[in-house]
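The whole structure should be built from the sequences, with the hints applied where relevant.
Residue numbers for the sequence shown follow full-length UniProt numbering, beginning at 1 and rising by one.
A couple of the hints might just be wrong.
[Stated by the list, open to error] The list that follows gives simulated cross-link-like pairs (lysine-lysine, BS3-like), each with its CA atoms no further than 30 angstroms apart: (1) Lys58 with Lys17; (2) Lys93 with Lys17; (3) Lys93 with Lys20; (4) Lys68 with Lys93; (5) Lys68 with Lys38; (6) Lys68 with Lys58.
[To be verified] If you anchor each label on the Cβ, the simulated ranges turn out as follows: (7) Ala128 with Val74: 18 to 26 angstroms; (8) Ala26 with Glu125: 32 to 40 angstroms; (9) Asn53 with Val133: 29 to 37 angstroms.
Hints were generated in silico from the structure; no laboratory data involved.
Built from N, CA and C at the ideal position, the CB exists for glycine as well.
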Amino acid sequence: MERRKVDILCVQETRWKGSKARSIGAGFKLFYYGVDSKRNGVGVVLKEEFVRNVLEVKRVSDRVMSLKLEIEGVMLNVVSGYAPQVGCELEEKERFWSELDEVMESIPTGERVVIGADFNGHVGEGNAGDEEVMGKFGVKERNLEGW
1 MERRKVDILC VQETRWKGSK ARSIGAGFKL FYYGVDSKRN GVGVVLKEEF VRNVLEVKRV
61 SDRVMSLKLE IEGVMLNVVS GYAPQVGCEL EEKERFWSEL DEVMESIPTG ERVVIGADFN
121 GHVGEGNAGD EEVMGKFGVK ERNLEGW
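Printed below as a string of structure tokens:
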């Protein structure tokens, strides 16, 4: 992260059980949430200098969490999400989208939002009609989550 000058990073599939904040070295701290060490888990990594700016941590589930920071008078909400993969039960997918919606709806108008998520959407190899927003080097076929 340091080499690429990244100060905030959303991570998914952490597979760490618990709801903590821990130093991960090199001047970074990971805020995370997970209920099982074998699957799921989300987190947000912050450069240590921004840790004191954290006002709120919402650990909604092992698929959705958010941090609210105040940086130079600007309220910034960082949301980390991990959508269920193809093949997961519809109920699990609906729960994820409901949790994400709940977090987004709780953010006051005027505050900034950054979402870093693995939505498990496959956009496929064709980009006809989507050239403005999608490159031409996708893989395989588009799935429902990729529309």
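> Which earlier hints turn out false for this structure, listed by number in ascending order?
Replying inline: 7
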